[in-house]
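Peer 1: Residue numbers for the sequence shown follow UniProt numbering, so the first one is 1 and each next one is one higher.
Since the hints were made in silico from the structure, they are not lab data. Warning: the hint list may mix true and false statements.
No farther apart than 27 Å at their CA atoms in a straight line, the calculated lysine-lysine pairs in the DSSO-like style are these [claimed, not checked]:
| # | residue 1 | residue 2 |
| --- | --- | --- |
| 1 | Lys17 | Lys114 |
| 2 | Lys131 | Lys17 |
| 3 | Lys114 | Lys136 |
| 4 | Lys131 | Lys114 |
Keep in mind the model is a prediction, meaning the values are calculated, not measured.
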Amino acid sequence: MEEDGATNNELLLVAAKQDSEDILEDIFTQPDTYDINYADSIGNTALHYAAQHGSLSALELILQQPNVNIDARNRLLQETPLHKAVQYTDDPSVSYEIVQILIDYGADPRIQNKNRQTPIRLVDSGNQELKSLLQKATLALQVDARDIADDNSEDDEDEGDLTD
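Modelling step: build the complete structure from the supplied sequences, incorporating the hints.
Peer 2: Below you can see the structure in the form of structure tokens.
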């Protein structure tokens, strides 16, 4: 008897929505039968759906797969999984944890959607903890490269003084 005919790519999206570890683990044992970045007709990947539906277990399993595009944008609003995660309001602690995990895996909180909104602009106004997390992540990305370059340029000047 034939199942419903769903491909592993389609099952990947369903499992992400439903936080189904069993289905995901089964799919992940079949390399070359799925695309971890497969997107549906509106451009949402499994990572978008896991973030949007508060599927913590699915999110972590997906992120452990190689070549996951953590900043994939959907077609409709050009939103990343991080945009979806901050809009999950069923349980603020789950939303916080999903955002933290995405940031830990390298999600960029500076990306703007179609309406020029970064994820922090989509956070519920009462959720200061989540806003603070995103502010810190954004600052960390802005500070890194420039500060390192500034430190090195000062060292170069000091070395020049020694030889004069």
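Peer 1: Mind checking the alpha carbons of Lys17 and Lys114 for me, to see if they're no more than 27 Å apart?
Peer 2: holds, 23 Å
Peer 1: Next pair to validate is Lys114 with Lys136; report whether the Cα-Cα distance is within 27 Å.
Peer 2: holds, 23 Å
Peer 1: If you draw a straight line from the CA of Lys131 to the CA of Lys114, is it 27 Å or shorter?
Peer 2: holds, 20 Å
Peer 1: Decide if the proposed pair is consistent with the structure: Lys131 and Lys17, CA atoms, cutoff 27 Å inclusive.
Peer 2: Satisfied, since the Cα-Cα distance of roughly 25 Å is no more than 27 Å.
Violation of the numbered hints given earlier is absent; every hint is satisfied by the structure.
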